[in-house]
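Chains X, A and Z are the protein sequences, given in the same order. Residue numbering for the first sequence is 1 to 980, as defined by this note's numbering. Residue numbering for the second sequence is 981 to 1171, as defined by this note's numbering. Residue numbering for the third sequence is 1172 to 1639, as defined by this note's numbering.
Hints are not guaranteed to be accurate.
[As the list claims (entries may be wrong)] Far from chain A by the CB rule (all over 10 Å, computed), these chain X residues:
id : residue
1  : Thr229
2  : Ser349
3  : Arg739
4  : Pro742
5  : Arg785
6  : Gln817
7  : Pro819
8  : Gly827
9  : Ser833
[Claimed, not checked] Facing chain Z, a subset of chain A residues (Cβ under 8 Å, in silico):
id : residue
10 : Pro1018
11 : Leu1060
12 : Phe1062
13 : Ala1076
14 : Ile1081
15 : Gly1083
16 : Arg1086
17 : Phe1087
18 : Ala1091
19 : Glu1098
20 : Asp1137
21 : Cys1145
22 : Leu1161
Everything labelled a hint here was simulated from the structure, so no lab data went into it. Think of the CB as a built atom: it goes at the ideal place given N, C-alpha and C, for glycine as much as any other residue.
Residue-level listing of the chains:
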Amino acid sequence: MSGPGGRIWRRLEAAAADPGFVSRAAREFPALSSLPEEPLDRRQALKLMAAAIVWGGVTGCDSNFGQDLIPAVRVPPNIVPALPNFYATAHVLDGFANGVVVKHSMGRPLQVEGNVRHPSSLGATDAFAQALPLDFYDPDREAEIDRRGRPADWPTLEGALARERDRLASGHGAGLRILTGSVTSPTLLARLDALLDQYPEARWVRWDPISRGAVAAGAAMAYGRPLDTVARLENTDVLLAIDGDLLCTAPGRLRYARDLAGRRNPSRSAAMSRIYALESTPTLLGSVADHRFIAAPAEIERIVAALAAGIAGPEAAGSRPPGSGGSGSRAGAAGLPAWVGPVLADLRSARDRALVHAGAMQPPPIHALAHAMNEALGGRGTTFDLIEPVARLSRESADTLPALVADMHAGKVDTLLMIDSNPVLTAPGVMGFRAGLERVRFSLALAERRDETAQASGWFVPLAHQWECWSDARGHDGTATILQPQSLPLYGGVSAPEMLQRLSSAAHIPGDEIVRATWLHPPNAAAMGSGWLAALAEGVVQGSARPAVHDRLRETPRAPAADLGGAPVAADTLSVLFRADPALWDGRFANNPWLQELPRPLTKLVWDNPLLIAPRLAERMRLENGDCVRLAVGTASVIAPVWILPGQSPSCITALLGSGRGAAGAVGDAAGVDYYPLTGIAGPVSVQKVAGRVELASTVRHHGLLAPPDEVLRHGTLRDFHADPRFAADRSAAPELYRTVPPGPAKWAMSIDLNACIGCNACVLACQAENNVPVVGKREVLREREMHWIRVDRYFEGDADAPTSFFQPVLCMHCEQAPCENVCPVGATVHDSEGLNVMVYNRCVGTRFCSNNCPYKVRRFNFFAYAHEQKRPPESWNPDVTVRARGVMEKCSYCIQRIAAARIDADRESRPVGEVVTACQAACPTRAITFGNLADGASEVAARKQSPLTFAMLPAQNTHPRTTYEALVRNPNPALEGGS
Amino acid sequence: MTGLLAGFESPEALRAALERFAQSEWAGTVETYTPMPPDDYASEASAGAASSADGGPVPAQRDPAPGSPLPLAMFVAGMLGFVAFFLLMTHADVQAYPLDIGGRPRFAWPAFVPIAFELGVLCAMAAGFFGYFLVSRLPRLYEPIDECASFRAAMSDRWFLAIRCTDAARLADARSLLRALEPATLEEIPA
Amino acid sequence: MSRDLVPAAELLAPRGDDPVVHPGVSIAAMTERVCSIALRERAYLWWWIAFVPCLALSMLLVASIAYLFYAGIGIWGVNWPVMWGFAILSYVWWIAIASGGTIISALFFLVGAEWRSSINRVAESMMLFGAVAAGVYPILHLGRPWLFYWLFFYPNTMTLSAQFRSPLLWDFWALYTYVFASILFWYFGLIPDLATARDRAATPWRRRIYGMFAAGFRGSSAEWRHMRAAYGVMAAIMAPVVVSIHSIVGLDFAGAATPGWHATQFPPFFVCGALLSGFAIVLLLIIPLRRLLGLEDMMTGRHLDVLCRLLLTSSLCLGYAYLMDAFTTYYGGDRAERGIFLGRVIGGDWPVYWGTLVLNIGLPQLLWVRRLRVNPPAIVCICLGVVVGMWLERYEIVVTSLERPSVPSAWGFYHGTLWDWATLLGTIGMFLAGILLSVRFVPIVSMHEMRTLIAAHAARGAASKAAA
């Protein structure tokens, strides 16, 4: 540790030791003293963040420390004031990398955009990556080395580690356990190998709360060894997704979303693909599918077996599955849903252009059957490829978490090193990890925050944020990226490889040396064809993707059907599905206010994770949204509110993991319920209504199913489209009283393709990060005051048990005849010559008439001083965008700051203004959003506006919006019309 | 002594007195102070008589009171206010700071009318109010006539007739003239 | 105070065919009576009992405004999409009340209605304090109230001006024109009575203060002539002004594209509402006052009867407006409009809609009964109902329209917070305190007009006697 980072660190120790400072801070932040008692509400939480920031000493403007901060004497190289720099790196989640490019302004990493060169990203990002900046600046990361909860320092730790090394060396590492999540990082794996070679008795255990173990196991069943499947959705005509996670949690989800969307707009793609989704709880893939089949988890296994029998022949499906030999017609006879037949026929007719995909949450046999079907369909090489597993598996299959915990209880574990893993929170409650941990003599948690595990273990060492250290990771297809630090450690901290290295030897090898060592020596040196610097600059190591392997299916598959949980479970028995929270993942993002307040794609809930139940179940139990139930699995039980989710199977309840944490930090501690205690138990599930209600904050307030009105969202089927490509076009051209079109060099406009939108929310967070959109907290959302500039409207249509769902991103339409402008008494919102409906914050007095008069309701109002209450570190705001004050209206500006930048460039080079990419457009994985200059006929937006599907929202208002949509076209199977 | 102040019990008495003075050489030099608009009761009475079933006698004709400049002044002020502010708005939107507001024409004259109207009204009201104090020379908080004890009743239930003259001899004639009318009170207006 | 002038029995049973002023009332007695109210040494007990709570409520208003400025309008119930709430609807409500007063004092002056003379001072006070109560809202309602002056156009270095296309700006100007004009009109008609008070005041202090405001008015023929000329024109101006202000308030809604507001009938519809609530409040004021101040022989059964007839008439006009509202919604065939209307009639806010109908249209129909028109308790009940009903009507227009915008995903709900209610109650307290103060210190009956009236009646009486 060197440089300013180190200085800050040392100064902090000094500051923390200085009683004067402590009392000063206490005076400034009385909330600190009341921290342990009452649950935090938002304002208090933000005060605490502020307190921590001041402690962190990163608020350059705090009066207490202003005089201590030292301005840069020598401006770092290649930093031009007011111009951003971009550095490639990757966002690593559960080991898998999505290439990103981080935007720096004045040396501060501020925003994330996708890396077009990275195969898992192709320039797109997900909400998690977009939220990284706030994660990076999160003051709760600030932490010192702890020993049993008391502050310690490096020398002490050094000493302790030295003793451990001697002890381990003598015992060949007996009793040493290393616990990590999935690892794809060649460097970390190299360190692990080195360590395990050095201490042969040591064991490496890997544990992911959101486990993909079933995928590997399933592949092992089918092919004899674990393999990863890379889907090629651009070649897939017919996709059958079984509880599909291709769009939400699977590695490479961004790439898959792009490929999928590429086949969904009939006005652009030659042959529109068809998607069948078979699932128990709604997924993003199911929401965009042409047919969504809802089945109880138990049924799924039978149905898949039948499908497999129908495609790959009975032997593939093993011992006599129902309807074996099953052509569709006979499948129906065997108590299977009527749709099975037509779907089978469709898959078979598509042959090698069909793909069957099983989600990671399905048991291994299902995956085995999926592999069998795919091989039978012959899509190998076309619709999918098999590659060596990207994430390394444990050396011994016995090295699992249960085994580890058992050893801990048995006292066999002497030294436990937990790297970026939070087992105390995430390990199934029944295992009793915490109890076991107390029997471990030397336990060390390397974590970003002082989380549950850190507090329970002997040593806590702050882990460097992935923007603070050298590292590397692989994408879903194996492509490697070298992560370069975006900043010196804000709060100090070490990277995982460094930590392992310290455990193996006393020598100090800085992180970059360790990473270089991995890549400049065999076996990887060869892969570094394009050279180290090029790899850093491009953000990918060229040609490091895993080649396809040519394993064949095992000749005699172990009959998977036999493994399908034996006797078919009665359909009415309840089961619980544990899923990653769409915004908080396994809970690691719980302290990120952006993600906490991100409306979940299907429920639009924020700051909470109620149990998702089916309408019919709610009816049966007389439950309403927010009613509390006691959900018991075996011996464990929790009390949690419920939320009625159309499309949920009545025979299962979905619990989203990751909320209700006790040690997430000031922001995340209050929110939600912790369902981990229920995981990993095979007992009977029971749910009963208990007293009490929880006010749940959802950004959609209308109740029940509400079909999107025709003038808001238009949709049809492929048949409609073939009958009349312009079926959605607007035919009610109203007469004009007057019509003035803004003159000017450019005509900025946007086109949103509803066929591509998967409701993933990446645009929402991208906009929030780019435009300094404040977080308001649960209470204010309950009062209907959320601030997102772009919202993804979600509609359900049809039967509540099996609805069709629609997503529609809504942002300012920048109407040419803007109703908001006429009614503003002070002219605070006016039109510019390029057709932008500009909002002049300084001029706004807050009459709010503009919002009343906006037909699309895209304007947001600062009822309180939200931005100032949020107390983010000042340097984490985007310097190009005004931070709005209290009492001011705000709304989407088409990222006017980016337009201005483009205009300046154009002026400098005296050329017409060129391409501008808005934040939402840049983030969108499916390129649903296109923005550009209509005046330039060659621009993509101009082309897209020509699409026959283009329609304007609320055309009768005669507002002539510059934002238009492309109608949603679905491609249902004619044999199933009305059957989905 | 600068004049005489005679108070009468009823408007009719005052009217009788006025008619006497109208024929005398004092015509036009007398001033009345009454607790209600001086000629109202006459007109009201006639109206009432006319409207009364039995059609009573219509009182004697009197010369109409000279008019007031205020109505005209208020009208002019109102019109000026309207035009001035209409032009101001036109200038602001068309010339000084033209903006594209919702794609509407810059010279949005219908939208200018309401405010111009209101401000015209404002000007008219102000003109009438302040003009009143101008033409009737108010506020005038003191006048010698206030010294007369009986004058306190002027705004309650006395009808006064005042003669202003410094010539003692002529005042004497006036005094006798007034005595003949048997006023309730007769006082000298001090200097 | 002298109550022996008129037989009591006659007063206690007001009748529709009472004379506007009882024959027994002489100019001297009337002057004496009215002045004795304003010039009392110490106020009545009932006055204190009424005034103290009103003062307390006014303090509440001050407090809630202070907190509002400190914390921001987030303390109110307004939200997304219901950006307007209590502030705007109470503002419209108050403006309507004030307008009713102006109509009585100005319009009926022009048509020379005799019954106006004795109650126009009450009506004008109502107009004045109603306008003031309304006047506080437009500024409070701003997100950044300290910048309210940006709505005026004033010379500034950036040559910026207000945005004249906004109905809200028209409203802003109309309101403050109206407040200013009301003050002038009220004070102007007050000058002769202040002179009377000056001449009759006992203590030198009061004489000075009344004298100051009377501005040396002595009742000379010229003073009277100009006053009647100017007052006549002022009245002729106030009548259209009051129509304009409420039409413009209507345009705040009709001028918007918002479903539920976008109706051309709003301006006249709002004026009808203004008449209704105005007459109701005047009745609510004069019924206790005539009793407490012993003015039954000047505010007679005839006044009650006339005002009740007017109340009934305006209620019928309003009924027509409601009918048209429903019809245009149906006939227009716009999905959102229909949705909003259905939401009002059978949705969560149905009590508001039906309450409006019952209180504003149903209840006043009782006034078809002749006896009820002169029955003070009945009148008070009906008027209270109307006042509440008018507030509900504004709630229905402002809130329920915004709760269901065209885009279903933006639907929301609204309810006022404690601070909303505190502000509303505060303005009510301020209004009543103002009325009470004017009762205490200002001649509550326009004496000079009453003199004219009494003289006319006397002359009429004499004429008829002569004829007999």
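Is the Cβ of glycine 827 of chain X more than 10 Å away from each Cβ in chain A?
violated, 6 Å
Holds or violated: is the Cβ of glutamate 1098 of chain A closer than 8 Å to a Cβ in chain Z?
holds, 4 Å
The hint names leucine 1161 of chain A as touching chain Z; please verify it with the least Cβ-Cβ distance against 8 Å.
violated, 18 Å
With 10 Å as the threshold, tell me whether threonine 229 of chain X passes as away from chain A on beta-carbon distances.
Answer for threonine 229 of chain X: holds, closest chain A Cβ roughly 54 Å.
Quick check on alanine 1076 of chain A please, does its C-beta sit within 8 Å of some C-beta on chain Z?
Holds, about 5 Å.
At a threshold of 8 Å, is the proposed contact between cysteine 1145 of chain A and chain Z supported by beta-carbon distances?
violated, 17 Å
So, leucine 1060 of chain A near chain Z? Judge it on the closest CB pair being under 8 Å.
Not OK, violated: leucine 1060 of chain A not within 8 Å of chain Z, min 15 Å.
Could you let me know if the closest chain A CB is still more than 10 Å away from the CB of proline 819 of chain X?
Nearest chain A Cβ is 7 Å from proline 819 of chain X, so the label is violated.
Hey, does arginine 785 of chain X actually stay past 10 Å from chain A on C-beta?
Answer for arginine 785 of chain X: holds, closest chain A Cβ roughly 26 Å.
Since proline 742 of chain X was said not to touch the interface, does its Cβ keep a gap of more than 10 Å from each Cβ of chain A?
The claim breaks: proline 742 of chain X does not keep its Cβ more than 10 Å from every Cβ of chain A (closest is about 6 Å).
According to the definition I'm using, a residue is off the interface if its beta carbon is farther than 10 Å from all beta carbons of the partner; does serine 349 of chain X meet that for chain A?
Non-interface label on serine 349 of chain X holds, nearest chain A Cβ at 53 Å vs cutoff 10 Å.
Given glycine 1083 of chain A as an interface hint, is its Cβ closer than 8 Å to any Cβ of chain Z?
Violated. Min distance 11 Å.
Of the hints listed earlier, those the structure fails to meet are numbers 3, 4, 6, 7, 8, 9, 11, 12, 15, 16, 17, 21, 22, in rising order.
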